[in-house]
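J.: As they're listed, the protein sequences go chains H and P.
154 is the number that the working numbering gives to position 108 of the first sequence; each next residue is one higher, with no gaps.
1008 is the number that the working numbering gives to position 174 of the second sequence; each next residue is one higher, with no gaps.
Hints were generated in silico from the structure; no laboratory data involved.
Where hints are given, some of them may not hold.
Here are the simulated DSSO-like pairs of lysine-lysine, each with C-alpha atoms no more than 30 Å apart in a straight line [to be verified]:
hint, chain 1, residue 1, chain 2, residue 2
1, H, K59, P, K966
2, P, K1064, P, K1023
3, P, K910, H, K179
4, H, K58, P, K966
5, P, K841, P, K901
6, P, K841, P, K910
7, H, K179, P, K944
Single-letter residue listing:
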Amino acid sequence: MSAFFPQLRNNKKAAWLATFAVAAVLVALPFVVGLTGNAGVRALAFAALYVMLALGLNIVVGFAGLLDLGYVAFYAVGAYMYALLASPHLASNFPIIAQTFPNGLHASVWLVVPLGATLAAFFGVILGAPVLKLRGDYLAIVTLGFGEIIRIFINNLNAPINFTNGPQGITLIDPVKIAGIDFGRPQHFFGLPVPSVYMYYFLFVLLAVIAIVVCLRLQDSRLGRAWMAIREDDIAAKAMGINIRNVKLLAFSLGATFGGVSGAMFAAFQGFVSPESFSLVESIIILAMVVLGGIGHIPGVVLGAVLLSLFPEILRHTVVPVQNQLFGHVIVDAEVLRMLLYGLAMVVIMLYRPKGLWPAPEHGIAPHSDGKADVVKPQVA
Amino acid sequence: MGDVILKITGVNKRFGGLQALSDVGIEIERGQIYGLIGPNGAGKTTFFNVITGLYTPDSGTFELDGKSYAPTDVHKVAEAGIARTFQNIRLFPDMTALENVMVGRHVRTKATALGAVLRTRATREEEAGIRKRALELLDYVGITRYANFQARTLAYGDQRRLEIARALATDPKVLALDEPAAGMNATEKVALRELLSNISKDGITILLIEHDVKLVLGLCDRVTVLDYGKMIAQGEPGDVQRSPAVIEAYLGGAHKNVATKEHA
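My request is simple: use the sequences and hints to build the entire structure.
T.: Spelled out as C-alpha cells, the structure:
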C-alpha cells in the first residue's frame, strides 16, 4: 500500500491497516454491487482485467517510453491461444486432433495460460525486433500496423484451413477450472452461494494484484532503472553500458506477457472470442487508460483502467433512464454519448492534468522522508 | 615508463567529403591525465565518439588494458571499461541524482527480470550494494545532499559532477570527459580541477577534451593537439605549448612571427 500512498511509508501499522481495508473492500464489493444484478459484478471483473492490460502496456509505454498502438494484438494472441486449446473448434475441424483427443481438446489452465503468455512474449519480440530503431510517431505507426495485421490474420484464417473460424469467432470455450473448482458454475463457500461471475471477479482481482506487485518490483529494480534511462536519454543510457536492444525487447515481451494472460482470461470468462474484440479502438482505449491515469505511475494506471472501464457501464445504466425521465424518450444513445464523453475527458485532462489524473509524485522539488535534502527553502519571516 | 592502458592507432574517419580524422592515435599510460585539445572543429569530439563507439571509424586499432576492443557498440565499450561524459550534459533529467548514479551500476550488476520480480536474496543484496556504492560516489563528487533531487533541478556545475559520478559508477579503467569545464565559472573550474586530480590519484586514468587550455596545461601529464583532423603535436604540456604548429593552429599563420617572438 505504501507504494500507492507515500505518506504511509513511514508508518508500518497504518500501511497494514490500509492494505486490510482495501482487501476487505475488494472482497465485499461484488456482494454489495451484486445486489443490483450480475451485470455490475461483471463490469468489476472487466475492470480488473483492464487493470492487468493497462499495467502491461504501461511497461512498454510508461517505463520504457515506447509508444505502442498495437497492444491489443497480444491480448488477441492470448485469447485465441486459450480458445483453440480449450474448445471443440480444433477437434471438429481437424480429424487428427479428434482422434488423438476423443473427448475434445480441454487443456488445463495451468498449461494454456503459461503457453499463452509465452506465445504473446514471443510475439512481443517479433514486434520489438524490427522496430528497435524507431521512436515516437514512427514506432506508433508500425505497432498500429502490427495490431491490425494480427486481427486481420485471425479474421481470415478460416480458409483454406479453418484455424480461427474467421469472423464468426470461436464458441464453447471451457471456463477456468482450478483445483477441481469450475468457475463456470455457481459454487458454495461456507454455505454462501457464489455465482460464476463472482468467481471470475475474485480471480481477476487476484491476477491484477499480482500484476501490480510484479510491476512495482520491476520498476524498482535494475531493469526498471534501465528502462527509465532509455526513456529519458538513450544515448546516455548506451554510454552507461545498457544494452538497449535487449532491454527494449524485454519491455516488449514482458508487456506482451501481461496481454497474453489477460487475453486467456478474457476468453475463458466470455466463453467466446471473435476478431471484433481486438480492434484498434481497444488498443487506443487501453492506451487512454495509461495516459489518463498517469503514464508510468502504477497507481495512476490502475485508477485510469478502473475509471475508463467502469465509465461506459455506468453510462449504459444511467443514460437511458435519465433521458426517459427528462424527455420521455431516448435522444442520445449511450454508445454515442460514450465516445463523445471519452473525447471530452481526453481534451479536458490533457489541458488541466497533462501528466494524468494521478501522476508520479514530483520528487526533488519538495525534499521528503530521509531529511538528507537540505536545499534552501524560502524562509518565512 | 608505466604500462599502457589505452592504445589507439591509425584512426581515420570520413564524413562524406570531409576527412574528420586522419591517422590519429594516442597512447595513455595507467594513471595519467591525458589531454586532447585543439581549436573548434579540430575533430576532438569526433575522435572521442569513435573511441567510445558512437561513430564507426573507417580504420584504426583499439586496445584497452592489453586487450583489443572493437568500438562498434557503445554499451560494449562501457562494459570494456571506458566511461564517458558528454559535452552538452546528458543526464536522465527526471530521475533523481541517486537514480542516475544507480543506472551507472547497471553494467556491473546482473539482476534479471525474474530475480527482480521474485525479489530473491541475491537481487536484494545486489540492490543494496548498488545503492550504497551510488551514495558513496555522490559523496565522492560532493553532491550527497541532492541525492533525492531530480537531476534537472541541480545547478549546472553539480550536473557536471553528477555526470562524472555516474560515469565512475561503471567502474571504468579510463574515464573520458568531453569538455567538463565548458560553461563553468572560475570557482567551479577550480573545484573541478581538484575533483579530477583526486580521481586520478585514486588510480583512474582520465582522457580529457578541453577548450580551457589553462586547465589542460595545469592538469594533464600528456597532451595531443588536433587540428583539421590531424595530430599536430603530442607530448608534455610544456613542450606542446611551445610547438610552432600549435601556436599557428590557435592563433593563425599571420601571427606566427609575433607569437614565436613572444616565446623566444
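J.: Which earlier hints turn out false for this structure, listed by number in ascending order?
T.: The structure conflicts with no hint, since it agrees with every one listed earlier.
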